[in-house]
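Given the coordinates of chain A, work out where chain B with the ligands should sit on it, guided by the hints.
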Amino acid sequence: MVVNSLVIQLLNGLASASALFLVASGLSIIFGVTRIVNFAHGSFYMLGAYVAFSITRALPVEAFDVLGELGPHVRFWGGIATAALVVGLVGIAIEIAVLRRIYHAPELFQLLATFGIVLIVQDATLAIWGPENLVGPRAPGLRGAVYILDQRFPQYELLLIAIGPAMLGLLWLLFHRTRWGTLVRAATLDREMVAALGVDQRKLFTGVFLLGAALAGLGGALQLPRETLNLQMDLSIIADVFVVTVVGGMGSVVGAYLAALLIAELQALMLLAPPFTIAGIEIAFAKLTLIPSFLVMAAVLIVRPYGLLGRPQAAARVAGAAEPVLRLATPELTRIGLAALAALALLPLAFGDYTVAVATEIAIFVLFTASLHFIMGPGGMASFGHAAYFGLGAYACGLAVKYWAAPMGVGLAFAPVLAGLGGLLFGWFTVRLSGVYLAMLTLAFAQIVWSIVFQSDALTGGDNGIRGVWPDEWARDKAVYYALAVALCIAGTLLLRRIIYAPFGYALRAGRDSPLRAEAIGIDVRRVQWIAFAVSALFAGIAGGLFAYLKGSVFPTYVSIPKSVDALVRVLLGGVQTVSGPIVGAIVFTGLEEQLARATEYWRAVLGVVIILLVLAFPEGLAGFAQRRWERWRGGGE
Amino acid sequence: MSVLLVESLRKSFGGVEAVAEVSFAVEAGEMLALIGPNGAGKTTCFNMVGGQLRPDGGRVHFAGRDITSMPPRAIWRLGVGRTFQITATFGSMTVAENVQMALLSHRGRLWNWWPRATRLYREEAIRLLAQVGMEDQADRACSVLAYGDLKRVELAVALAHDPKLLLMDEPTAGMAPAERIGLMDLTGRIARARGIAVLFTEHDMDVVFAQADRIIVLNRGRLIAEGAPPQVRADRAVQEVYLGSGSTFGGH
Ligand SMILES: Nc1ncnc2c1ncn2[C@@H]1O[C@H](COP(=O)(O)OP(=O)(O)OP(=O)(O)O)[C@@H](O)[C@H]1O
Ligand SMILES: [Mg+2]
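Those protein sequences? They're chains A and B, same order as listed.
As numbered in my numbering, residues 1 to 638 make up the first sequence, in order.
As numbered in my numbering, residues 1 to 252 make up the second sequence, in order.
So here's chain A without its partners, still in its complex pose (with noise of 0.2 Å):
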């Protein structure tokens, strides 16, 4: 028996890595060839699934009756196809519209700019299709079940383990026998050549993010008889999606699929194994399929940093080519700047609960994201899964209180403590990459801290969360609980500050101005970018354990991509290179995100909008713009 069920579940493996394949090579031939890591691509996926749905419907039956028998069969497949084409062409508009004008923006910027559109496609889907979920027709002649093993096995999960080898096979003969394959695998291995060869650069990116998008239209469009649609597909494909391309090398479609295998092959037998019990909560493996995915990720890349058939990516700079000299702040620039901050942080008090409770937010967001400033300016990694740490913070605040009804004194210090593990674990990973690799891993841990919160319903109460997560009794006072998240966050944020301007700062620094003159002057580059990360994590989970207290509650949401997305938003925003570019940055973003919410129901559209209009006015952040004005303006006087 136990063999029998262990065949159905390698056969339901094979099915669910095809759609994750053709998601994962539409990723991987775009980011060959642009360089752009499409954080979109779980939408086009979604959007297969939504606009395929749509298609199967509006085609009217009658109108495929002269085809007699095969009428049904070329009405769904016509239905799935023209979806992804559909896809395609959405894919070109945003080529043209947004991505055109970024190629030559720091990758960050790409990746961020692109997070602008996923939060634009998602409130589109809100708006056409609704927030229920969705169930699809399926798909014609396949309805039954075929008898493996004397187990039932859908047949149309047969075909979609057809789908992917076939898929491949098809992606081959494009990349080796036409032409324009063959242009762009020479575009992969070298875009300047290809350019100096007198090829119409524009036209080749086009056409890739069609093929791109195509493919994950499809991917998307073949859930339909399988899955419900529901807005959240977007984001929960594009975590798997990243550990495909991280796990296969990015830019290699081979890769992609042996990955794919790799990674579904493994989730679906984790089905199989029985739940165990820790501490007298039971664990089941079952529900944890993103723990495998992980731990495959990590042995590949300690073995190969690159994934399975990548090669070695020149390491990006996070912000532009030269950074400026950090320079301590003159006195008198001190002074107005403590003056300024004293202001701020007494000015709510002034006005109603409800400004003091903003602010308490604003506050605690600027601590979040200086520590997010750290590894990102001075350290020059670029987490996008930030929120992980800010969660287990939080986490760790509703913890102590569900089972140890500890008060508040307790939840705050074990909040660090339980972030700052989470970042010695994560970040002896994550400084082994750099660049985009370190990007899409820091979002695939983010995942799997969400995916352990959301899924371990006994330990934290699922997507219920965790509730009564109140001060203590002298806390309860809005101003008091201000009083104490001001002067912790402040604290915190000058402590940060103060690091970066001492020799470990400096050292993080030099590590990442020059990693071969660091080493060549004895500094362990890696150890000092680990600890750092660290300390990043620890700062993050205070801020993360004051949120909790703030709210009273703490949500599986606290750990999500968008919650990590808008940390990095605060940080370009203010700007990655001043020390006091995070504070800005939050106070801005976080006032205009409140602003927002409360203005429409689609703010996250508004905010995708604002996002990309940023990227393309103020690629060095708003501080940055300020302080370049300023300079020149200085400069012009003397």
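Worth flagging that the hints you see were computed from the coordinates, not collected in a lab.
Some clues are possibly wrong.
[Claimed, not checked] With the C-beta cut set under 7 Å, the calculated list includes, among others, these residues of chain B facing chain A: (1) 90; (2) 92; (3) 110.
[To be verified] Here are the simulated distance ranges between beta carbons: (4) B:54 to A:595: 55 to 63 Å; (5) B:16 to A:197: 25 to 33 Å; (6) A:477 to B:77: 25 to 33 Å; (7) A:197 to B:17: 29 to 37 Å; (8) A:101 to B:189: 55 to 63 Å; (9) B:86 to A:198: 30 to 38 Å; (10) B:77 to A:2: 55 to 63 Å; (11) B:239 to A:195: 39 to 47 Å; (12) B:77 to A:198: 27 to 35 Å.
[What the hints assert, rightly or not] Listed next, the stretches of chain B that the computed footprint assigns to chain A, with coverage defined by at least 3 CB atoms under 8 Å from CB atoms of chain A: (13) 66-77; (14) 116-125.
Note that the coordinates shown come from a computational prediction; the quantities given were computed from them, not determined experimentally.
Glycine included, C-beta positions come from ideal geometry on N, C-alpha and C.
Coordinates of chain B with the ligands only, in the frame set by chain A:
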């Protein structure tokens, strides 16, 4: 005992044998020039001695200790300073801070979290910069310096921990001829005064013949000559290599 002893060092990239069976030694206070045409394997040798590359075979001994395949930072701690063919400095720091960074590392203060780094060991850094004639530019950003000046900063950084061995890969590239002689003359004086062993590469033969105590010549990864400058200048094989590659040799 030689400060640096290299035995049968080998390294291949793919099918290309970049360095094959190279052996040599450098004594304290000696200036040894490693010369050879482009692509001869000089930088590869440096990288294997400095720890940036792992050799395929052979041994490297420093002050009697086997340092083969040690990481660069460990080799540096033992007393080996180096400069790079393509300068490697910290662009977001000032000239002085670049030197201070090496001093902070040398004094074991990298893990300090509180003091202002820019105020630590500043005088010492300025003194080192003064040695290479860069004290006037101490507070400029490293990223705006002229290439020749960057090479000077690298020398100051390399001298910061009182090394016993200096590895200098084309230390004068990007400088005017007079400046080159000056800098290597200075290096020579410092090396002899402090008993530092210096291994350097250089394309300017005037500099090589003026400053080197001994010369070794590399061609396609193999040592083809070794000896005092006049001896090497007279060597047939060496002349052929240089004439064959189109470079001027000796320049007179
Ligand atoms: N990382 C590498 N990968 C592949 N080949 C390499 C690598 N580094 C060096 N080579 C090759 O090894 C040979 C020796 O190179 P090396 O840089 O050591 O020469 P060099 O003597 O320093 O030359 P130059 O005077 O131009 O600096 C060359 O053929 C070079 O192309
Ligand atoms: Mg060289």
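Inset, instruction - Return the numbers of the hints above that this structure violates; sort them in rising order. - result: Of the numbered hints given earlier, those the structure breaks are 6, 12, listed in rising order.
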